[in-house]
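Q: Residue numbers (this note's numbering), protein chains in the order written: chain H, 78 to 297; chain A, 1465 to 1543.
Derived by calculation from the structure, the hints in this document are not laboratory data.
Since the structure is predicted, the reported quantities are computational estimates derived from the model, not experimental observations.
Where hints are given, some of them may not hold.
Computed cross-link-like contacts, EDC-like style, restricted to lysine to aspartate or glutamate with a CA-CA straight-line distance of at most 20 Å [unchecked claim]:
hint, chain 1, residue 1, chain 2, residue 2
1, H, K86, A, D1525
2, H, K294, A, E1532
3, A, K1502, A, E1492
4, H, K294, H, E211
5, H, K294, A, D1525
6, H, K294, A, E1540
7, H, K294, H, E214
8, H, K145, H, E243
9, A, K1502, H, E113
10, H, K82, A, E1532
11, H, K81, A, E1492
12, H, K82, A, D1525
13, H, K145, H, E213
14, A, K1536, A, D1525
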Amino acid sequence: MNLKKHWWKALAIVLLVYVHTVGLLAEVPRLNILNETIRALYFHVPMWFGMVLLYAVSVYYAILCLRKPGQGYDTWSVNFAHTGTLLGILGMITGMLWANYTWGSPWHGDPKQNGAAIALLVYLAYFVLRGSLESEEQKERLSAVYNLFAFAAMVPLIFIIPRLTESVHPGSGGNPGFNAYDLDSRMRLVFYPAVIGWFLVGLWLVNIRVRVQQVNKSNS
Amino acid sequence: MKNIFQKIVAILFLLVSGTLHAQTTEVEMADAFRADGKIYVVVAMVLIILAGFFVYLIRVDRKLSRIEKEQKSSAEKKN
């Protein structure tokens, strides 16, 4: 493998091997209720951070679609949204598992949990919208506009509303985010590499999906 | 002088008993699991799954590159 061209794929592998080793072995703050599950921070939260980053890149390509239609930016936009949704669904499942053992039930009706579920549904509607349109031009234009609105809805649903209301989720309802865990430098040292690593894996998956679709297109 | 000494002893006693109390109410963690070294079994399993995932991803990537190359060369032949 040519390392000069594929350095970011190698970086993704190195970062995730590091995260899964140090994340399980290193010392973590000792807290009641959370106990060892505090380590889920290294695996559950990067899913959501990765999702938001991938959705942000999807919006960037949606804007390019509107500025310069017919240049193939649509393929990038939809695949970034697609991979972002994959990470979002994994974040939802891992969050439910974590909630079951710390909050008492998998679906706690917490504003952050509900907001994340609504945001995922908004993005699922994006794929329904695309599937219902025949013409490629229409598909590109309409889904790019919808993408902007979906992103604009996702940000308050996940980041703003949970902060304004009562919520048990860390980082919401007056609960501090990282400070709840005394997220000192040792936890950040694993958490941020995890975010970058999963975002890079997301990029890799998008890259493969886009290339498969391009090959199919030029074959037909 | 004796009074000051008594005060210091009292403060020291408070500090020591404070730390002892903190130790008895310490949060339960999987310390024995770590001491046994069994945590390494879990780490090894997670790393094997991760390795399998990445090997698969790299193979798909390479296969795709090969198909792209073939397509490119056949397109050039047509021209």
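Q: Among the hints numbered above, which are violated by the structure, and what are their numbers in rising order?
A: 8 and 11
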